[in-house]
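Based on the sequences and whatever the hints tell you, model everything.
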Amino acid sequence: MPGTRKLGKPTDQRMAMLRQQVTDFLDNGKMETTVTRCKEIAPLAEKMITLGKKNTLASRRSALSFIRREDVVTKVFSEIAPGYAERNGGYTRITRSGVRRGDGAETAILELV
Numbered sequence: 004m005p006g007t008r009k010l011g012k013p014t015d016q017r018m019a020m021l022r023q024q025v026t027d028f029l030d031n032g033k034m035e036t037t038v039t040r041c042k043e044i045a046p047l048a049e050k051m052i053t054l055g056k057k058n059t060l061a062s063r064r065s066a067l068s069f070i071r072r073e074d075v076v077t078k079v080f081s082e083i084a085p086g087y088a089e090r091n092g093g094y095t096r097i098t099r100s101g102v103r104r105g106d107g108a109e110t111a112i113l114e115l116v
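Counting from 4, one number per residue, gives the positions in the sequence shown under the working numbering.
These are computed hints drawn from the structure, not numbers from a lab. Hints may be right or wrong, so weigh each one.
Here are the simulated DSSO-like pairs of lysine-lysine, each with C-alpha atoms no more than 27 Å apart in a straight line [as the list claims (entries may be wrong)]:
| id | residue 1 | residue 2 |
| --- | --- | --- |
| 1 | Lys78 | Lys33 |
| 2 | Lys56 | Lys78 |
| 3 | Lys12 | Lys50 |
| 4 | Lys33 | Lys57 |
| 5 | Lys78 | Lys50 |
| 6 | Lys57 | Lys78 |
| 7 | Lys57 | Lys42 |
| 8 | Lys9 | Lys50 |
| 9 | Lys56 | Lys42 |
| 10 | Lys12 | Lys42 |
What follows is a set of in silico ranges between Cβ atoms, one per label pair, in the way DEER data are often shown [to be verified]:
| id | residue 1 | residue 2 | range |
| --- | --- | --- | --- |
| 11 | Gln23 | Ile112 | 14 to 22 Å |
| 12 | Arg96 | Gly11 | 24 to 32 Å |
| 13 | Asp106 | Gly86 | 30 to 38 Å |
| 14 | Gly32 | Ser65 | 30 to 38 Å |
A virtual CB, placed ideally from N, CA and C, is assigned to each residue, including glycine.
Structure below.
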């Protein structure tokens, strides 16, 4: 599912981190992190919203297998996805926000459109 960036972590740790960040992003609607992480999180979040637009039992189970928090899945299926019913993809926006002071990493804000 995710892209080819390894983000300096083994596969299991990387997938756990991405799942948690997608969950937090869908819960809050906005997130600030590094540009490379944003580029990994955005397609996964868009896939969860697309599953929410289908609104079937199979799509809900697929979303639950990735997100793991029932309240966030319910929010995606009942609040977020119906707002994008007429939109065919492109639910997220990445805006670069400068560099982080501690290590100089380029940061960005990921938000729902």
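Going down the list of hints, with the structure as the test:
The straight-line distance between the Cα atoms of Lys78 and Lys33 is roughly 15 Å, inside the 27 Å bound, and the hint therefore holds. For the suggested pair Lys56 and Lys78, the alpha carbons sit about 12 Å apart, so the restraint of at most 27 Å is met. Straight-line distance between C-alpha atoms of Lys12 and Lys50 comes to about 23 Å, which keeps the hinted pair within the 27 Å bound. This hinted pair checks out: Lys33 and Lys57 have alpha carbons roughly 23 Å apart, not beyond 27 Å.
In summary, the hint linking Lys78 to Lys50 is supported, as the alpha carbons are separated by about 15 Å, within the 27 Å threshold. Note on Lys57 and Lys78: the hinted pairing holds, with a Cα-Cα distance of about 14 Å set against a maximum of 27 Å. The straight-line distance between the Cα atoms of Lys57 and Lys42 is roughly 24 Å, inside the 27 Å bound, and the hint therefore holds. Simply put, Lys9 and Lys50 have alpha-carbon atoms about 20 Å apart, close enough for the 27 Å limit, and the pair holds.
In summary, the hint linking Lys56 to Lys42 is supported, as the alpha carbons are separated by about 22 Å, within the 27 Å threshold. In summary, the hint linking Lys12 to Lys42 is supported, as the alpha carbons are separated by about 16 Å, within the 27 Å threshold. Between Gln23 and Ile112 the Cβ separation comes to about 18 Å, which falls inside the hinted range of 14 to 22 Å. A beta carbon spacing of about 25 Å between Arg96 and Gly11 agrees with the range 24 to 32 Å that was offered as a hint.
A beta carbon spacing of about 36 Å between Asp106 and Gly86 agrees with the range 30 to 38 Å that was offered as a hint. For the pair Gly32 and Ser65, the beta carbons lie near 21 Å from each other, so the given range of 30 to 38 Å is not met.
Against the hints set out earlier in the document, a violation occurs for number 14 only.
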